[in-house]
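Construct all of the structure, not just a fragment, from the sequences and the given hints.
Chains as they are written, first to last, in numbering that gives the first Met the number 0: chain Z, 0 to 253; chain H, 0 to 253; chain R, 0 to 253; chain Y, 0 to 253; chain B, 0 to 253; chain S, 0 to 253; chain F, 0 to 253; chain E, 0 to 253.
With a Cα cut of at most 27 Å, we get these calculated DSSO-like pairs of lysine-lysine:
hint, chain 1, residue 1, chain 2, residue 2
1, H, K167, R, K14
2, E, K85, F, K85
3, H, K14, R, K167
4, B, K120, Y, K118
5, E, K251, Z, K150
6, E, K118, Z, K251
7, B, K251, Y, K150
8, F, K69, E, K150
9, E, K111, E, K92
10, R, K14, E, K15
11, H, K14, Y, K167
Treat the hints as calculated values from the structure; they're not laboratory data.
Protein chains: 8
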Amino acid sequence: MLEAEKIKSILMDIKKGKLDIETGLTKLKDLPFEDLSYAKIDHHRGLRQGYPEVIYCEGKSIEHIKGIVKKMLERNSNILATRANKEVYEALKDTTEDIEYNEMARIIMIRKNEIKKSKSKILVVTGGTSDIPVAEEAAITAEFLGNTVEKLYDVGVAGIHRLLSHRKNLDEANVIIVVAGMEGALASVVGGLVDKPVIAVPTSVGYGANFNGLAALLAMLNSCASGVSVVNINNGFGAGYFASTIIKQIDKIK
Amino acid sequence: MLEAEKIKSILMDIKKGKLDIETGLTKLKDLPFEDLSYAKIDHHRGLRQGYPEVIYCEGKSIEHIKGIVKKMLERNSNILATRANKEVYEALKDTTEDIEYNEMARIIMIRKNEIKKSKSKILVVTGGTSDIPVAEEAAITAEFLGNTVEKLYDVGVAGIHRLLSHRKNLDEANVIIVVAGMEGALASVVGGLVDKPVIAVPTSVGYGANFNGLAALLAMLNSCASGVSVVNINNGFGAGYFASTIIKQIDKIK
Amino acid sequence: MLEAEKIKSILMDIKKGKLDIETGLTKLKDLPFEDLSYAKIDHHRGLRQGYPEVIYCEGKSIEHIKGIVKKMLERNSNILATRANKEVYEALKDTTEDIEYNEMARIIMIRKNEIKKSKSKILVVTGGTSDIPVAEEAAITAEFLGNTVEKLYDVGVAGIHRLLSHRKNLDEANVIIVVAGMEGALASVVGGLVDKPVIAVPTSVGYGANFNGLAALLAMLNSCASGVSVVNINNGFGAGYFASTIIKQIDKIK
Amino acid sequence: MLEAEKIKSILMDIKKGKLDIETGLTKLKDLPFEDLSYAKIDHHRGLRQGYPEVIYCEGKSIEHIKGIVKKMLERNSNILATRANKEVYEALKDTTEDIEYNEMARIIMIRKNEIKKSKSKILVVTGGTSDIPVAEEAAITAEFLGNTVEKLYDVGVAGIHRLLSHRKNLDEANVIIVVAGMEGALASVVGGLVDKPVIAVPTSVGYGANFNGLAALLAMLNSCASGVSVVNINNGFGAGYFASTIIKQIDKIK
Amino acid sequence: MLEAEKIKSILMDIKKGKLDIETGLTKLKDLPFEDLSYAKIDHHRGLRQGYPEVIYCEGKSIEHIKGIVKKMLERNSNILATRANKEVYEALKDTTEDIEYNEMARIIMIRKNEIKKSKSKILVVTGGTSDIPVAEEAAITAEFLGNTVEKLYDVGVAGIHRLLSHRKNLDEANVIIVVAGMEGALASVVGGLVDKPVIAVPTSVGYGANFNGLAALLAMLNSCASGVSVVNINNGFGAGYFASTIIKQIDKIK
Amino acid sequence: MLEAEKIKSILMDIKKGKLDIETGLTKLKDLPFEDLSYAKIDHHRGLRQGYPEVIYCEGKSIEHIKGIVKKMLERNSNILATRANKEVYEALKDTTEDIEYNEMARIIMIRKNEIKKSKSKILVVTGGTSDIPVAEEAAITAEFLGNTVEKLYDVGVAGIHRLLSHRKNLDEANVIIVVAGMEGALASVVGGLVDKPVIAVPTSVGYGANFNGLAALLAMLNSCASGVSVVNINNGFGAGYFASTIIKQIDKIK
Amino acid sequence: MLEAEKIKSILMDIKKGKLDIETGLTKLKDLPFEDLSYAKIDHHRGLRQGYPEVIYCEGKSIEHIKGIVKKMLERNSNILATRANKEVYEALKDTTEDIEYNEMARIIMIRKNEIKKSKSKILVVTGGTSDIPVAEEAAITAEFLGNTVEKLYDVGVAGIHRLLSHRKNLDEANVIIVVAGMEGALASVVGGLVDKPVIAVPTSVGYGANFNGLAALLAMLNSCASGVSVVNINNGFGAGYFASTIIKQIDKIK
Amino acid sequence: MLEAEKIKSILMDIKKGKLDIETGLTKLKDLPFEDLSYAKIDHHRGLRQGYPEVIYCEGKSIEHIKGIVKKMLERNSNILATRANKEVYEALKDTTEDIEYNEMARIIMIRKNEIKKSKSKILVVTGGTSDIPVAEEAAITAEFLGNTVEKLYDVGVAGIHRLLSHRKNLDEANVIIVVAGMEGALASVVGGLVDKPVIAVPTSVGYGANFNGLAALLAMLNSCASGVSVVNINNGFGAGYFASTIIKQIDKIK
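Here it is as structure tokens:
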């Protein structure tokens with residue numbers, strides 16, 4: 000672990016007299032993140048967690064987002080900005096060349112370093128056409144984090160044969176992300192067909208007693224199929240990220 | 000309509016002078032139900048709705064239930080007492096010979112008149128073994144109301160092939176009752192496979208964020224399959240009764 | 000069943016040597032739906048479920064809706080597009096001649112084939128004037144699916160005599176759809192007056208502790224009258240469709 | 000107003016020099032309630048509000064209840080103890096002769112002074128037999144507070160003619176209390192039939208998505224009939240008390 | 000009762016041979032309401048309930064509202080249109096001279112007949128300045144229904160002395176309407192000070208865990224003071240109307 | 000206590016005959032607040048609670064706000080107007096010179112009297128950048144009430160070292176306000192690190208099953224760390240004010 | 000800060016060569032808590048937070064509680080065990096002499112060291128008699144943590160004069176804890192009377208739409224009085240502890 | 000895939016004339032599960048999903064459970080029976096020798112075949128001692144499914160150093176299961192420290208506004224740390240199973 004190394008070298012310097020104790024004490028407390036006054040940018044997170052910097056844009060002023068991105072760019076990080084509306088993109092698009100915007104998924108990607116692809120496979124499945132924006136958020140996130148992603152859209156349980164005819168896709172994946180609104184039954188059906196991690200993403204697609212995705216959320220949490228876990232409503236990013244942590248464990252072991 | 004006939008004959012009697020106006024007025028207001036002071040027994044309901052008397056036992060004192068049953072027996076009605084625990088049965092079992100108790104479904108049946116069976120078919124399907132008590136309540140209710148009932152239990156979506164291998168049962172039924180707890184996905188899958196009325200009964204089977212059946216209820220209300228309607232949580236009786244009203248329409252037309 | 004026939008003929012071909020096993024295996028898995036990449040159109044649904052194609056427009060991009068409609072038109076299907084705002088209609092109206100838009104019900108109808116009317120009758124009842132849009136969604140859906148629909152609007156329980164004076168309409172219907180907001184009491188009153196299926200549609204009409212239709216939904220699920228089942232809040236389409244599956248059973252038997 | 004008189008006489012005494020200022024100040028602050036350390040008994044409440052003392056027993060230890068009752072008895076008050084289980088009654092029954100217990104309503108009544116009856120009339124109506132305990136709490140409370148109470152039980156909306164045949168009772172009452180569980184529709188129907196105050200009491204009778212009376216509570220709050228107000232779930236006491244305040248206004252004016 | 004009289008005279012005519020039975024039967028069923036196809040106008044309601052016609056505008060199209068008003072005007076009724084935005088008023092203001100609009104309360108009043116004032120008094124109290132629109136809805140409704148209304152605004156419990164210094168107003172009223180948002184505590188405090196009916200109106204004033212008035216609603220339903228009943232959130236009209244039914248009982252007795 | 004003094008002097012005057020009893024009685028009831036008809040301005044609150052006047056602007060008309068401010072200015076009070084949008088500020092900015100607007104915190108400050116700073120310290124901490132507007136509301140409120148405020152923003156638990164490296168700030172504060180949305184875990188972590196009052200402010204930052212801050216609110220109420228209390232969602236003002244009452248106790252004792 | 004001292008001395012030892020680097024590294028990570036395998040006892044918490052050890056008993060097996068207590072006793076700590084039923088006390092009472100049990104508050108106290116009393120005052124106020132157990136939990140907790148506690152019970156808002164006559168108690172306290180169920184209005188009224196920290200504790204006293212304290216919780220969070228913060232439902236311990244952190248700040252400064 | 004192989008061989012037999020078409024058709028539909036009438040046992044699930052049979056005991060009658068277990072034993076499966084109370088164990092313990100019961104976790108294990116251990120590691124972490132039963136359910140499930148499990152209990156965020164001192168355990172695991180009640184903050188803190196899949200299990204430990212685990216559930220779904228997914232409240236089994244599917248992917252790749 001990196002930090003252990005750092006602490007060791009501080010101790011070494013103290014031992015050798017290169018460093019007086021007060022300074023050593025201060026250094027020990029001085030973890031490597033940068034202060035923008037309104038945002039602590041955590042450059043070490045890449046090291047600690049092995050991923051690019053992520054900015055969740057909703058609720059942040061454009062000024063703040065811009066400031067954060069610029070600081071990150073100084074360190075040449077790859078950047079993923081989620082929940083970014085067009086206005087955010089317009090404000091950022093001239094800050095760097097390597098910027099790209101996916102409007103449906105509301106994601107801005109800034110690629111400063113090449114992203115190596117894992118050969119393990121993540122399959123993203125949706126119940127309906129209306130679930131696609133959330134699915135795309137998941138897919139793009141996973142791809143940006145270095146994964147191979149396959150998609151199987153509009154295979155909801157109202158026409159179960161549509162799903163059954165794609166068993167091969169299910170069988171070939173290492174991790175499956177199921178994105179579904181309304182009653183969210185797709186997660187249970189997929190979970191019953193495979194023996195691999197199924198990450199369920201409830202969407203707010205639906206109306207009436209759907210309560211903005213609560214119906215699908217509760218259904219997925221109560222799935223009668225084992226091997227299903229759940230992320231927040233519409234949280235495509237979270238599903239893509241979580242799937243990615245699994246692939247990293249697979250690749251690490253190989 | 001019976002009541003119209005009755006009013007007509009009252010008017011006739013007034014016209015003919017057989018009846019003075021005040022008495023006529025009173026008679027017009029005098030609808031045929033009996034008063035037990037704590038319960039108005041509605042003997043006409045059988046006529047009006049074509050079914051036996053039903054007593055919902057929960058929350059009623061045993062004294063009250065007994066009084067109601069005795070009054071009904073005087074008119075020789077068939078009686079269905081739902082949500083009846085063993086104690087209620089013990090209190091009632093000596094009031095009449097034709098009494099029968101189904102403990103799992105918590106139903107008491109008193110058969111005073113022969114029940115003619117319809118040839119149309121109601122299929123009762125459950126997701127799991129734990130849903131069976133509610134399913135039995137539905138099945139017994141429907142049978143007592145004169146229907147042919149078939150059962151297909153434990154075919155939940157976690158093993159979708161179990162359901163798919165019974166397509167013939169689904170195809171042969173006129174009405175399907177789907178009883179399921181947890182995420183209630185079975186209603187959607189069945190609803191997607193058939194072109195007939197699917198009555199969904201959420202059960203309180205499950206735990207945690209199931210909230211006593213709320214998860215299944217919301218899922219069923221939000222079913223992505225068309226042709227699904229829903230009754231209250233654990234309301235097997237309601238589903239059996241509703242299915243029965245459909246069969247009556249089918250039989251009436253024939 | 001159609002699919003069984005199809006499988007049989009595949010097996011026959013294999014037996015006769017007309018088909019090698021690998022191709023047969025693939026064919027067996029090849030169910031007849033078409034792939035638009037963002038939407039699997041299920042042309043067989045018409046066969047399987049006996050109805051026209053339905054598109055739920057909310058949450059779908061206009062581009063997607065247009066693509067789906069075009070593909071369907073190639074097969075000359077009747078199409079019902081629900082929750083369609085005016086913008087969707089504007090985008091579609093030049094794709095075909097037989098298109099019609101009902102703005103109050105937010106429904107687009109494309110009639111490519113004549114719709115035969117059943118003689119059985121569906122009655123749509125509303126509590127108030129504000130419930131009419133949802134009632135119209137139900138009525139138009141049912142009519143488009145080949146049913147005879149009658150309407151009885153603004154007969155809520157605050158003036159119970161308005162409903163009672165229409166007993167004849169209630170008596171003549173085979174299925175009754177009750178559309179009501181606020182406290183949704185109309186479903187119980189109607190359910191107590193008839194011996195036929197009553198489909199309750201809670202609407203979000205009301206304010207304060209109505210919680211967008213939750214009050215009516217809970218009231219309807221808890222109806223003290225038997226013979227009532229419920230669909231989702233504002234789900235006029237679902238009620239019309241469900242009513243239609245009942246009529247189909249009636250007609251089938253005849 | 001009593002207190003004004005009291006203050007006046009204190010001021011008079013100060014003016015006359017009978018009272019020094021400090022004592023006057025203290026007296027002004029000294030409102031007439033008694034201190035049991037664990038309960039401030041408010042003997043003036045009878046004066047201020049014109050009613051007997053009321054003890055809500057739930058959650059209080061028997062020791063506390065006993066202490067409160069004894070103190071009240073010293074001042075010879077009429078006492079109404081609500082939500083009193085049998086154990087409480089057993090503990091109290093030897094403290095005074097004039098004690099009476101109604102087990103169904105869970106009310107203990109101690110009559111130390113004669114209660115004069117108003118001639119105005121309160122009608123208590125229930126939807127079903129299971130609602131009777133709450134209705135009795137309302138009826139007994141109202142009677143103990145000096146009102147004439149009439150009862151009309153088991154006239155729920157599933158058989159609307161039962162209610163309609165009792166229009167005379169509705170017409171003769173000055174205030175109507177409607178006690179109903181399940182979907183609570185009775186309040187709306189009664190409210191639509193009369194032009195007088197209707198006090199709705201939701202009960203927790205029901206199951207599933209009834210959520211312990213929430214369904215009836217929401218329905219009653221959303222009543223489409225005007226002239227309906229609501230008290231808490233199962234709060235028979237509150238309804239009886241509120242009805243009583245209305246009768247007091249009527250009687251006062253007369 | 001009017002209707003009884005009417006029925007009697009029909010019976011008389013039958014007896015006398017002035018009326019044949021079939022026509023008599025029809026007449027008996029023919030209750031006096033008019034059909035606009037989209038709205039049943041209930042002209043008898045005025046007779047039955049003693050009040051002007053009321054239109055709840057929210058959710059109704061302007062076309063519908065206009066049609067209803069015109070029909071009512073033909074019978075020269077007083078009309079109260081609640082939840083009417085400015086657009087509705089603009090559409091109606093030329094239909095009659097006697098029209099008036101109160102924008103804050105969102106109420107349109109059409110006075111065709113003189114309104115006699117009761118001498119009994121209704122006091123409308125608010126917790127804060129933001130509760131005034133709802134309070135005005137209550138006050139105007141009560142006045143339009145023939146009551147004397149007094150107002151006491153901005154006396155919330157955060158400065159309890161503001162309320163206490165107005166005890167005289169409280170003491171002089173026959174009915175008190177308490178309008179309060181946030182935690183709704185004012186209803187309990189007023190309820191504890193008086194011995195008369197207190198009608199609590201929760202408002203949606205507040206934020207965060209106020210949940211659009213739910214906090215105040217629950218608080219008021221759980222009031223520790225007796226003599227408090229509750230209407231729906233923001234339902235100023237309901238409170239004014241309910242208060243008015245009480246005053247009518249008072250005046251009737253006099 | 001001021002009021003006691005006042006009452007004493009009234010009594011004195013009565014004793015001395017300077018004041019007749021009726022006038023004295025009236026004076027005793029005459030607490031010092033001013034009546035604007037739509038708002039009771041409570042000038043004594045400053046005395047009673049030791050703070051400037053506060054206006055909560057949301058839901059108040061600009062006319063009302065303006066009237067309240069003008070009245071307050073006549074008495075030369077410091078004024079804090081919270082939840083004030085720009086439009087409110089525009090309407091007020093010419094009424095006085097000493098007015099200042101903080102747009103992010105939506106606060107208007109009018110300084111008529113010098114504000115003395117306490118030396119005790121309030122630390123405002125946020126989980127993320129999006130929580131800053133609420134934090135600023137807290138900070139500005141506390142400063143306006145005479146406190147020394149320090150800020151530590153964007154130290155959420157996803158990077159716990161960011162917080163841990165600021166232990167000194169935590170250690171030096173007398174009261175800590177923790178502002179956090181999403182899962183609100185920061186309050187528990189801070190509460191576990193210090194032995195001083197931690198005031199938790201849940202924010203509505205987040206999405207999906209966050210339910211507008213409910214997730215953070217519940218988390219904070221259930222904090223496993225002792226020494227944490229909670230104010231309403233987004234209630235920065237409340238936190239700042241509450242912190243200020245603590246500092247006043249500290250300063251009073253000194 | 001203690002830990003800083005410890006780290007310094009480790010660094011010193013490394014500098015002096017008394018300690019090799021690997022051991023130093025390990026020591027730095029070795030924070031002073033003890034491992035019982037099922038519970039990490041945090042002996043330093045006393046140092047870090049200045050309080051005795053606290054055990055929350057609910058949900059812990061008696062075996063576990065016993066083990067934890069024994070380990071703590073070895074270090075001679077004062078121990079406060081909350082939510083302890085009688086069975087727990089029976090199991091513990093022989094482990095040490097200095098043990099005491101308060102059954103109403105469900106608290107076990109073990110006093111191994113003298114507790115010095117602060118002179119600052121905490122006042123605990125309740126709305127009703129039923130709130131006393133929670134109030135006692137708060138009072139005992141605060142006393143055990145070294146505070147002077149005064150009590151004012153049963154002064155709820157239904158009889159506001161009971162509270163008003165105790166203004167002196169309110170004025171003399173430094174911190175006020177308000178414990179109230181039902182509608183929780185007492186917190187707002189107290190908050191409006193004083194200028195000091197008011198800690199509101201909602202209790203689950205009540206019924207119906209009280210939802211186990213939710214009504215009081217929401218009311219308190221939405222208090223219209225400033226200077227009120229809230230702890231969890233029935234969390235007397237939390238309120239006592241939080242009040243104690245305030246007193247510690249007061250005493251520290253002195 | 001096994002099933003494909005099977006279908007292939009059926010086709011082969013048809014081709015070769017060993018099998019007539021009708022029998023082939025039947026065989027194709029004949030999926031390998033056994034019918035107990037009340038439960039379809041799915042023996043293929045082991046093959047399809049690679050795991051032993053699992054019985055969820057809650058809500059099943061002992062008779063049913065016994066029947067299911069016996070049938071499974073005939074095929075010599077390993078069996079995991081969850082949510083099994085002691086009564087269930089008593090009923091089963093004589094059916095086979097290899098049965099074992101863990102009372103804390105309420106799990107029955109029947110080992111008929113050796114379970115090979117994976118070398119990948121699952122770490123189970125709890126916030127408090129009260130969370131241990133759920134954690135044990137997770138740990139035992141994972142072990143029974145062939146995984147190496149390590150435990151780290153009672154390291155909740157109220158004493159964050161307890162967790163931080165175990166970073167090595169966190170770093171060595173492949174998957175981490177975090178079990179926490181109250182505010183569930185531990186999941187976020189752990190999620191922020193590692194770059195591997197964190198499976199959060201909310202428990203119902205807590206009281207008041209915890210709402211049986213809802214507070215922790217919402218907090219975990221809203222975790223500000225990426226890489227966290229959630230299973231149902233108290234669903235230790237689900238977490239153990241899900242973790243196991245991840246390990247299987249890791250091992251498969253190796």
